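The chain contents come next:
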Amino acid sequence: MSFAEIGSVEAATAALAAQGYLADRPLALGIHLAIALEQPLLLEGEAGVGKTEVARALAAATGARLIRLQCHEGIDLHHAVYDWDYARQLLALRAAEGGVDEGQLFSRRFLLRRPLLDALEHDGPVVLLIDEIDRADDEFEAFLLEFLSDFAVTIPELGTVTAQHRPVVILTSNRTRELHDALKRRCLYHWIDYPNPDREREIVRARIPGVPEQVVVRVVTAVSRLRQHGDLYKLPGVGETIVWAQALMALGDEGDLEDTLGAALKVHEDVERVRERKVLEGV
Amino acid sequence: MSDDADVVVAHADIVIDRISALAQALRAQGTRVGLGELLTAQQALTAVDSSSRDDARLALRSVLCSSHRDIERFEYAFRAVFGDERMHFGQDPYEPLGKIERPVPPRAAVAGNATGSPEDQDPVAVPAAYSDVELLGHKDFSQYTDAEMAIARVLIARLARRGPTRVSRRTRPARRRSHTPDLRRVVRASLHTAGEPVERHWRAPSTRPRPVVLVCDVSGSMTPYARMLIQYMHASVAARRRVEAFAFGTRLTRITNELGGRDHDRALERAAAAVTDFAGGTRIGAALAQLNREHGRRVGRGAVVVILSDGWDRGDPEELGREMARLRRSAHKLVWLNPLAAHPEFEPLTRGMRAAIPYTDELLAGNSLASLEELAVILEDI
Numbered sequence: 000m001s002f003a004e005i006g007s008v009e010a011a012t013a014a015l016a017a018q019g020y021l022a023d024r025p026l027a028l029g030i031h032l033a034i035a036l037e038q039p040l041l042l043e044g045e046a047g048v049g050k051t052e053v054a055r056a057l058a059a060a061t062g063a064r065l066i067r068l069q070c071h072e073g074i075d076l077h078h079a080v081y082d083w084d085y086a087r088q089l090l091a092l093r094a095a096e097g098g099v100d101e102g103q104l105f106s107r108r109f110l111l112r113r114p115l116l117d118a119l120e121h122d123g124p125v126v127l128l129i130d131e132i133d134r135a136d137d138e139f140e141a142f143l144l145e146f147l148s149d150f151a152v153t154i155p156e157l158g159t160v161t162a163q164h165r166p167v168v169i170l171t172s173n174r175t176r177e178l179h180d181a182l183k184r185r186c187l188y189h190w191i192d193y194p195n196p197d198r199e200r201e202i203v204r205a206r207i208p209g210v211p212e213q214v215v216v217r218v219v220t221a222v223s224r225l226r227q228h229g230d231l232y233k234l235p236g237v238g239e240t241i242v243w244a245q246a247l248m249a250l251g252d253e254g255d256l257e258d259t260l261g262a263a264l265k266v267h268e269d270v271e272r273v274r275e276r277k278v279l280e281g282v
Numbered sequence: 000m001s002d003d004a005d006v007v008v009a010h011a012d013i014v015i016d017r018i019s020a021l022a023q024a025l026r027a028q029g030t031r032v033g034l035g036e037l038l039t040a041q042q043a044l045t046a047v048d049s050s051s052r053d054d055a056r057l058a059l060r061s062v063l064c065s066s067h068r069d070i071e072r073f074e075y076a077f078r079a080v081f082g083d084e085r086m087h088f089g090q091d092p093y094e095p096l097g098k099i100e101r102p103v104p105p106r107a108a109v110a111g112n113a114t115g116s117p118e119d120q121d122p123v124a125v126p127a128a129y130s131d132v133e134l135l136g137h138k139d140f141s142q143y144t145d146a147e148m149a150i151a152r153v154l155i156a157r158l159a160r161r162g163p164t165r166v167s168r169r170t171r172p173a174r175r176r177s178h179t180p181d182l183r184r185v186v187r188a189s190l191h192t193a194g195e196p197v198e199r200h201w202r203a204p205s206t207r208p209r210p211v212v213l214v215c216d217v218s219g220s221m222t223p224y225a226r227m228l229i230q231y232m233h234a235s236v237a238a239r240r241r242v243e244a245f246a247f248g249t250r251l252t253r254i255t256n257e258l259g260g261r262d263h264d265r266a267l268e269r270a271a272a273a274v275t276d277f278a279g280g281t282r283i284g285a286a287l288a289q290l291n292r293e294h295g296r297r298v299g300r301g302a303v304v305v306i307l308s309d310g311w312d313r314g315d316p317e318e319l320g321r322e323m324a325r326l327r328r329s330a331h332k333l334v335w336l337n338p339l340a341a342h343p344e345f346e347p348l349t350r351g352m353r354a355a356i357p358y359t360d361e362l363l364a365g366n367s368l369a370s371l372e373e374l375a376v377i378l379e380d381i
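As you go down the protein sequences, you meet chains A and B in turn. Going by numbering that gives the first Met the number 0, the first sequence opens with residue 0, and the numbers climb by one from there. Going by numbering that gives the first Met the number 0, the second sequence opens with residue 0, and the numbers climb by one from there.
In case anyone wonders, no lab produced these hints; they're calculated from the structure. Mixed in with the good hints there might be a few duds.
Unchecked claim - Now the in silico label distances, taken between C-beta atoms and shown as ranges: (1) A:V282 <-> B:P343: 56 to 64 Å; (2) B:H67 <-> A:G6: 37 to 45 Å; (3) A:L110 <-> B:T249: 58 to 66 Å; (4) B:H342 <-> A:D197: 22 to 30 Å.
If you're wondering where the values come from, they're calculated on a predicted model, not measured in any experiment. No residue lacks a Cβ here, since even glycine has one placed at the ideal position from N, Cα and C.
Given the sequences, and given the hints that come with them, work out the whole structure.
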């Protein structure tokens, strides 16, 4: 299935479902629009609701190449777009004993391609995932703004590289800080919420083939109780639900929710509070 | 032009009308909608099945909203424009909702305006008053007259520019020798020396602003100080990047967005409208619990947390201790400004303060310009 075939909300839903990703209607529509309008899609939501997974499923469904740029503190052009292989340049310079001119030195041979340049030059459909953009700093955000509007970058020594095929771009943010309005306005926006229990049960079934029904029901009930508890520092996401179900499956009949609480809660106080108040009693 | 084309054009006109009405309704609620979004919105409508009201709504929503908060505004605007009860957006879009009663924002937030003409309090007129600044240095905020407040405002803005920094992983070219060679420049220089890296260049790490989280107590007992401290928060949000501002009485409100923008008075008005528990009781523990849970990620990445409160807590001291412990673990540094600490015989006797003190890195007064200066010095050293 190619991008062009995702011509409706239903097609987007079906394509993702075939990869085990159950998207609700607003999300499927966001993806459909991102493809139809060739606009980046910005996904925000709590940790572990499956923001990154969307890109992965979309790439798998369409046979596109997934290129991922994981943002981090201090990321700059040379991490994201290109860099020169300085060590090899120096070696080449010395080997040629000065018989090298600048043009040869700054040629493709010595160019290190980073994810964004890869995405532009790849011959074929690409899903470009720009993950956790809130970790990057303002300068990088400003650069991205330019990148996302032109899909071209200029390498001073080589010239301008323009996209062969416009990649489908998905950005994710954990909201550790507010993104710039300018960047947001260039994107379609979707907030991924925690799924309701019905959908979450479906997700667990889709992600762990052959999971016993009893495990699905217990884990999803437990997770939704934890989320409603309202007094926890970190709420479990869908990722945690799946790991928890896997843990119970691995333990078989001995599997106990209280014992495996560490699969869902990662803050000591939260675990203690849940045990103390017997939140999971009767599940 | 054939009749068919006319019909299509007329139809497009209606769609554009509706979308503009929607945009207007969104703008009336404070969401930014530009021409670009309008054009995209129209394209989006043609891309989905336009007979489905729900799809049209979702399509428009994903184009016109750019934050979580916008979604609620959008739903309201959409109902208003496309719903049964079509509203007319005239002067006051909230008119049909009836009057919203809000507790009157007390003087704590809005700069005083008691006597004299506006010119008397014009902060630009400060140079003539530089001799007063010396006097103001140690004067307690609660003793300020309106005129002194106007003078202090300028000085506070200056203090608020000074904030903590941290070393970034980004590097920049350096003059001095360091540990990281600047290979780019070395290679370039070697071109002239037959590949021999004779001339060497270096890079050094740069610094970035460190995130700051300001949490101000606006309960009754803090009223005399809150108005100056909120000025400090506003000036910080305006002057530096990565500053988050919160206010609390019995519950926590994030006021970073409200305090944003250059216009001083309007920022304070917006903040006052957002905070509904001015000059009421205090539950510090509950407010910090909310900070830890709802905004944990904003605090967690090496932020300096500054709490501005007198520690008069009506809540459970055990909860306060617990939440302070958590905050101490996730924040980089925890500073507490307590106006009562200005008193020479200050002892942290209130239950709240006693619970909180073991977890604070610094305790300052924050009751005068001099102590805010002290805060600026501490922040710069962090």
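(message) Name the hints, by number, that the structure is in violation of.
(response) Failing hints, ascending: 2 and 4.
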